[in-house]
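**Student:** Chains as they are written, first to last, in the working numbering: chain A, 36 to 479; chain B, 613 to 917.
Treat the hints with care, as some may be off.
As the list claims (entries may be wrong) - Only pairs whose alpha carbons sit at most 25 Å apart, straight line, appear in this in silico BS3-like list of lysine-lysine: (1) B:Lys736 / A:Lys53; (2) A:Lys450 / A:Lys44; (3) A:Lys155 / A:Lys143; (4) B:Lys740 / B:Lys729; (5) B:Lys746 / B:Lys736; (6) B:Lys736 / B:Lys699; (7) B:Lys746 / B:Lys699; (8) A:Lys374 / A:Lys53; (9) A:Lys38 / B:Lys820; (10) B:Lys628 / B:Lys820; (11) A:Lys374 / B:Lys699; (12) B:Lys630 / A:Lys53; (13) B:Lys729 / B:Lys699; (14) A:Lys53 / B:Lys746; (15) B:Lys820 / B:Lys630; (16) A:Lys38 / A:Lys53; (17) B:Lys740 / B:Lys699; (18) A:Lys374 / A:Lys38; (19) B:Lys740 / A:Lys44; (20) B:Lys740 / A:Lys38; (21) A:Lys44 / B:Lys630; (22) B:Lys823 / B:Lys630; (23) A:Lys44 / B:Lys823; (24) B:Lys808 / B:Lys820; (25) B:Lys823 / B:Lys808; (26) B:Lys729 / B:Lys746; (27) A:Lys53 / B:Lys820.
As the list claims (entries may be wrong) - Just so you have them, the derived chain A footprint on chain B, three or more residues with Cβ under 8 Å: (28) 661–672; (29) 707–715; (30) 721–729.
Just so you know, the hints here were simulated from the structure itself, not pulled from any lab data.
Backbone N, C-alpha and C define an ideal beta-carbon position, used for all residues, glycine too.
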Amino acid sequence: MRKLWAVLKREYRETVRKPSFLVMTVLAPFLMAALMVVPALLAVKGMGERRVAILDGTGRLGSVVAALEKESPGGRSPFARGGREGRGGGPTGKILPEHVNLFGVDPKNAVGPYLARLSKEATPEEQLLDGVLLIPADAFERPVTSLTYFSRSAVDLLAQEKLGRVVNRALQRERLAARGLAPSEVELLLAPLPVRTVQVTKSGQERTGGEGSFLVAMVFMALLFIPSLVYGQEVMRGVIQEKTDRVVEILVSSMTPMELLSGKILGMAAVGLTQMAVWMTMGGFLLGSGLSQAQTAGLDLSTILRPSVAVWFVVFFLLSYLVTVGAYAAGGSIVSSEKEAQQVLTPVMIVFMVPWFLMMPILTNPDSTLSVVLSLVPIYTPMTMFIRILVSEPPAWQVALSLVLSVATIAFLLKATAKIFRAGLLATGKRPTIPELWHWLKAA
Amino acid sequence: MGQILSVLDVVKHYGKVKAVDGVSFEVAAGRITGLLGRNGAGKTTTLRMITGVLHPDRGRVELFGATVAEARDRLGYLPEERGLYRKMRVLDHLLFLAEIKGRSPAAMRPSAERWLKRFELWEKRDGKVEELSKGNQQKVQLAGALLFDPELVILDEPGSGLDPVNVVLVRRLLQELAAEGKAILLSTHQMGEAEKLCDEIVLVHDGKVVKAGPLAEVKAAGGRDAVHVEFEGDGAFLAGLPGVASGRVDPNRAELRLAPGADPQELLATAVGRLRILRFEVVAPSLEEVFLEAVGGGGPAEVAA
Chain A
36 MRKLWAVLKR EYRETVRKPS FLVMTVLAPF LMAALMVVPA LLAVKGMGER RVAILDGTGR
96 LGSVVAALEK ESPGGRSPFA RGGREGRGGG PTGKILPEHV NLFGVDPKNA VGPYLARLSK
156 EATPEEQLLD GVLLIPADAF ERPVTSLTYF SRSAVDLLAQ EKLGRVVNRA LQRERLAARG
216 LAPSEVELLL APLPVRTVQV TKSGQERTGG EGSFLVAMVF MALLFIPSLV YGQEVMRGVI
276 QEKTDRVVEI LVSSMTPMEL LSGKILGMAA VGLTQMAVWM TMGGFLLGSG LSQAQTAGLD
336 LSTILRPSVA VWFVVFFLLS YLVTVGAYAA GGSIVSSEKE AQQVLTPVMI VFMVPWFLMM
396 PILTNPDSTL SVVLSLVPIY TPMTMFIRIL VSEPPAWQVA LSLVLSVATI AFLLKATAKI
456 FRAGLLATGK RPTIPELWHW LKAA
Chain B
613 MGQILSVLDV VKHYGKVKAV DGVSFEVAAG RITGLLGRNG AGKTTTLRMI TGVLHPDRGR
673 VELFGATVAE ARDRLGYLPE ERGLYRKMRV LDHLLFLAEI KGRSPAAMRP SAERWLKRFE
733 LWEKRDGKVE ELSKGNQQKV QLAGALLFDP ELVILDEPGS GLDPVNVVLV RRLLQELAAE
793 GKAILLSTHQ MGEAEKLCDE IVLVHDGKVV KAGPLAEVKA AGGRDAVHVE FEGDGAFLAG
853 LPGVASGRVD PNRAELRLAP GADPQELLAT AVGRLRILRF EVVAPSLEEV FLEAVGGGGP
913 AEVAA
């Protein structure tokens with residue numbers, strides 16, 4: 036125990052003393068904040084204003100302009116609750132319509148000068164258009180026709196979607212009005228109804244706020260995975276350093292590989308906890324204001340961020356940490372340089388990250404066969420089972436089984452790693468082949 | 613005095629190469645035992661099996677009558693290459709090395725200070741290891757192997773990387789430790805150094821022990837049949853004289869081995885006639901000659917390098 040403690044203490048002290056640790060600890064929250072805020076700002080700015088000419092062949096859709104102006108600059112964020120329109124700051128940006136009444140004229144014949152105004156070179160700034168929408172003259176009569184949207188960018192999807200929606204609504208209105216319905220009746224007929232998601236738990240309790248789950252799940256998945264990855268790499272770097280410095284010979288002659296490995300892993304865990312504690316103190320305020328902001332934005336996170344989630348988070352974080360760091364330590368022990376380690380570990384990490392890529396199917400279908408199987412595969416348990424617990428209610432036996440399997444796997448992994456560690460630490464130069472690795476596992 | 617270490621018929625393969633092939637020897641308290649051999653003879657592998665870094669494929673090692681794992685805390689080890697954390701501070705590092713041997717760092721602090729002072733590193737105790745010269749790093753390593761007062765000290769090439777002054781310092785230190793009753797096992801390929809330092813020697817070649825025993829006995833077993841001659845003139849003919857079994861002739865100096873029954877007086881008479889003799893000595897062969905004879909080959913230069 037004393038030896039394990041000695042390794043743990045050394046690992047902790049030497050890491051915390053490094054200038055890079057201080058820099059990371061202080062700067063990381065700011066970097067994170069910047070990472071989250073800057074793209075949002077850029078998106079809003081980048082979408083900016085769209086100047087669109089609407090060539091109205093019917094000559095009766097002047098209301099479209101008013102509707103677009105009413106809707107802009109907001110639009111629906113994919114995460115906002117249904118039925119709340121027109122909230123500021125949406126990602127679709129503002130559309131500045133320029134309505135051209137071409138009553139009775141086929142807009143195809145009139146489109147030329149407007150298309151010319153799409154060209155940046157040939158057009159003065161105030162005349163420049165970002166898009167041209169053609170509404171054919173027979174839009175009311177013929178059900179089989181289409182709107183045409185010209186744009187410089189092939190993937191101006193949001194503007195396209197928005198224009199289409201608004202114009203179609205106006206078309207529907209006019210079609211109904213043309214059949215003699217009063218405007219108030221039309222309004223009633225076309226009023227959209229929002230969908231409110233209610234999750235019914237087994238105890239019959241009802242929970243709302245499912246829309247927020249996606250964001251929260253994403254944040255949690257990142258939290259389960261990224262720190263483990265960072266500290267795993269740190270441990271790996273340490274192991275490689277010990278090999279190149281030849282300290283391992285002293286270490287291995289003084290203690291069991293298991294003591295050495297456990298000391299390193301726990302030492303790094305202590306570093307991680309220190310860092311987290313600093314961040315939580317720093318982020319406590321941010322999180323508080325963030326939550327209340329989310330609340331006003333229509334995201335009710337209180338049902339998803341319940342106290343039991345915190346407990347599960349700690350459990351799955353530990354599992355994820357042990358699996359990842361163990362793998363990195365073993366990786367570090369079989370290679371002789373960091374560059375080589377990256378080559379070996381990149382495929383391994385991609386395998387580890389499968390749940391991250393499958394997040395959508397797991398989230399939308401937390402009790403599907405895919406989700407259940409993934410959550411029972413030990414290396415995927417931390418992320419998948421945690422997400423399932425977050426958004427659904429997996430049966431207790433599945434949770435218990437996944438925990439048992441995970442702990443057993445970790446015990447096995449640590450043992451195997453300790454063996455590979457011992458043989459690998461002393462081998463320098465050539466990387467071992469798979470048969471050699473197997474031999475190491477059986478020996479010692 | 614009792615046996616501290618017994619190496620019993622240990623074998624170690626690296627793939628298909630047999631690095632150590634049935635080595636057995638013992639190390640006693642109060643004695644300095646030298647494990648001698650050329651590079652690649654299996655010295656380091658043998659030491660690594662004793663320190664528990666490697667497991668023998670066959671055979672076993674007994675430390676203080678117990679297994680290596682049980683007794684590893686009573687053993688101090690200086691590996692061949694420096695094995696220190698470069699970024700750690702010197703004093704912290706020494707205390708860490710004591711702690712992984714199961715000693716409390718607080719209790720070991722006075723000892724660490726004593727060793728640092730003795731090695732003239734006290735001023736540098738708060739500096740990082742990487743700031744020290746190679747020789748000073750070697751001394752830190754040595755202090756780390758000794759400060760927790762182990763009963764058995766194992767040193768792999770202790771002289772490498774040290775200047776002549778420090779070589780003498782280490783030699784004195786080891787003799788002092790042996791006088792205190794500690795058992796010392798060191799490996800070296802420098803026969804001259806071993807001859808000055810060791811009480812017992814174990815000569816290994818190609819993974820096998822070729823000669824072992826107290827230094828004086830090993831040398832005496834060869835008989836007093838070596839002739840060292842210093843001269844002026846061209847002595848190349850000396851090696852070809854009747855009665856000379858083998859020999860090496862350098863400019864102005866020759867080391868010859870006599871054939872059984874040959875008379876050194878006759879050799880001297882012949883030599884006097886053709887050279888100006890400055891020194892003529894009939895001696896027991898040097899350890900180097902014994903070694904060369906035992907392994908039967910290789911130029912002396914290769915061994916002494």
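**Student:** Taking only the CA atoms, is the gap from Lys729 (chain B) to Lys746 (chain B) under or equal to 25 Å?
**Tutor:** Within the cut-off at roughly 18 Å; holds.
**Student:** Regarding the pair Lys808 (chain B) and Lys820 (chain B), is the alpha-carbon distance no greater than 25 Å?
**Tutor:** Holds, because 24 Å separates the two Cα atoms, which is no more than 25 Å.
**Student:** Is it true that the CA of Lys44 (chain A) sits at most 25 Å from the CA of Lys630 (chain B)?
**Tutor:** violated (40 Å)
**Student:** Is Lys374 (chain A) within 25 Å of Lys38 (chain A), Cα to Cα?
**Tutor:** With Cα atoms ~30 Å apart, Lys374 (chain A) and Lys38 (chain A) exceed 25 Å; violated.
**Student:** Lys38 (chain A) and Lys53 (chain A) were given as a pair; does the straight-line alpha-carbon distance stay at or below 25 Å?
**Tutor:** holds (23 Å)
**Student:** Please work out if Lys450 (chain A) and Lys44 (chain A) have their alpha carbons no farther apart than 25 Å.
**Tutor:** Within the cut-off at roughly 22 Å; holds.
**Student:** Would you mind confirming whether the straight-line C-alpha gap from Lys630 (chain B) to Lys53 (chain A) stays at or under 25 Å?
**Tutor:** Violated - the C-alpha atoms of Lys53 (chain A) and Lys630 (chain B) are around 44 Å apart, more than 25 Å.
**Student:** Would you check chain A against the region 721–729 of chain B, counting CB to CB pairs closer than 8 Å, and say if three or more residues qualify?
**Tutor:** With 0 residues in contact (Cβ-Cβ under 8 Å with chain A), the coverage given for the region 721–729 of chain B is violated.
**Student:** Quick one, are Lys38 (chain A) and Lys820 (chain B) close enough, alpha carbons at most 25 Å?
**Tutor:** Answer violated: Lys38 (chain A) to Lys820 (chain B) is near 35 Å, above 25 Å.
**Student:** Given the hinted pair Lys746 (chain B) and Lys699 (chain B), is their Cα-Cα distance within 25 Å?
**Tutor:** Holds: Lys746 (chain B) and Lys699 (chain B) sit about 15 Å apart, inside 25 Å.
**Student:** Below or equal to 25 Å on CA atoms is what counts here, so check Lys823 (chain B) against Lys808 (chain B).
**Tutor:** holds (18 Å)
**Student:** Tell me if the straight-line CA distance from Lys53 (chain A) to Lys820 (chain B) falls inside 25 Å.
**Tutor:** violated (48 Å)
Checked against the numbered hints given earlier, this structure breaks hints 9, 12, 18, 21, 23, 27, 30; the rest are met.
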